[in-house]
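Whenever a hint applies, use it, and build me the whole structure from the sequences.
The sequence shown maps to residues 176 to 452 in our numbering.
A few of these clues could be false.
Taking lysine to any residue and the SDA-like style, the derived pairs with C-alpha atoms no more than 25 Å apart in a straight line are [as the list claims (entries may be wrong)]:
no.: 1; residue 1: K295; residue 2: S238
no.: 2; residue 1: K415; residue 2: R306
no.: 3; residue 1: K335; residue 2: V379
no.: 4; residue 1: K321; residue 2: S238
Okay, the calculated beta carbon distance ranges per label pair [said to hold, decoys possible]:
no.: 5; residue 1: H327; residue 2: L301; range: 35 to 45 Å
no.: 6; residue 1: K260; residue 2: R320; range: 47 to 57 Å
no.: 7; residue 1: E331; residue 2: F273; range: 51 to 61 Å
no.: 8; residue 1: H316; residue 2: Q396; range: 23 to 33 Å
no.: 9; residue 1: K335; residue 2: E406; range: 17 to 27 Å
no.: 10; residue 1: D341; residue 2: L301; range: 30 to 40 Å
no.: 11; residue 1: E312; residue 2: R292; range: 22 to 32 Å
no.: 12; residue 1: K422; residue 2: N345; range: 55 to 65 Å
no.: 13; residue 1: K300; residue 2: K335; range: 51 to 61 Å
no.: 14; residue 1: S271; residue 2: R320; range: 45 to 55 Å
no.: 15; residue 1: R292; residue 2: R424; range: 18 to 28 Å
no.: 16; residue 1: P274; residue 2: E326; range: 49 to 59 Å
no.: 17; residue 1: P378; residue 2: R310; range: 33 to 43 Å
no.: 18; residue 1: R228; residue 2: S287; range: 12 to 22 Å
Please keep in mind that the hints were generated in silico from the structure rather than gathered at the bench.
For every residue, glycine included, the Cβ atom is placed at its ideal position computed from N, Cα and C.
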Amino acid sequence: MTVNSIKSVYNIISPRAQSATFVRKRFVGRARFCNRYLSPQGLQMSLPDELWRLILELGVETSSLTYKDICCLSMASRRLNHLSKEDNIWSKLLSSDFPTLSSSSTSTPPKSIYQTRFEKDKAKKLLAEKRAVLRLESQIHEHTRKVHEIEHQLDEENEKIKSAIDELKNLQKVKEASSALKVWQPEIVHGRHRQIVEHCSVPVESRINVLDMEIKLCRQQMIGFLKARREEKGRLEMVKEKLLKVKYRSFECLERSNVDDESRKCRKNLKKVKRVE
176 MTVNSIKSVY NIISPRAQSA TFVRKRFVGR ARFCNRYLSP QGLQMSLPDE LWRLILELGV
236 ETSSLTYKDI CCLSMASRRL NHLSKEDNIW SKLLSSDFPT LSSSSTSTPP KSIYQTRFEK
296 DKAKKLLAEK RAVLRLESQI HEHTRKVHEI EHQLDEENEK IKSAIDELKN LQKVKEASSA
356 LKVWQPEIVH GRHRQIVEHC SVPVESRINV LDMEIKLCRQ QMIGFLKARR EEKGRLEMVK
416 EKLLKVKYRS FECLERSNVD DESRKCRKNL KKVKRVE
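Take a look at the structure:
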């Protein structure tokens, strides 16, 4: 019996101990109760079946005992194993855990119905978790694609700025050469400046103004793209965290399911060994 199961049983008995005379005489204090009645020896002989049956029924009715607690209690002793298999307990568990299940009259034991419904629900949950994982992975792919797209746009704007700056430098040289032609210079220098001015086929001043505006516009575009990339990366990280949580929950459920399967196999093997002996 696990510690949680012991605590659940104690919490069920404790309120009754304040009102019922026969329980109040027996259970004086938590430590005395646990030592006397929840020890392996106490479970075998101290409490009558009627009281244990009442404890289990009250635990299920008040949601203090779950199906896991009932299974843990069933492994504590033969008496509790026998009592925990009673239809009344599993009928109450069925109505509390699966209230939408129609209560049609059938010869199938409630425990078997509960197990079947539990396995179906577990399969549905696993399928829902797989769908959630696929949906989140799809969102991660989409956010990643958007981040790459924004980064590509940033690279394009950066290249535009570099190209505009290079052209602006050349135009500044043309402007300087044009101003130098107005003053006296040696013929060699004068010819070089004239060649620079002749190679320029656009109005220098207007083109410089256009390039200045283009650089400013590109920088504004880059500021917007940087903000969009930051926001998109934030969304991407949020989805990644959600995916990790979903995968962690799925892993926990799988581990728990494997442990439950192993414990069932061990119990079956023990029963086989006892029969052989």
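Structure versus earlier hints, numbers of those that do not hold, lowest first: Hints 4, 10 and 17 contradicted; others consistent.
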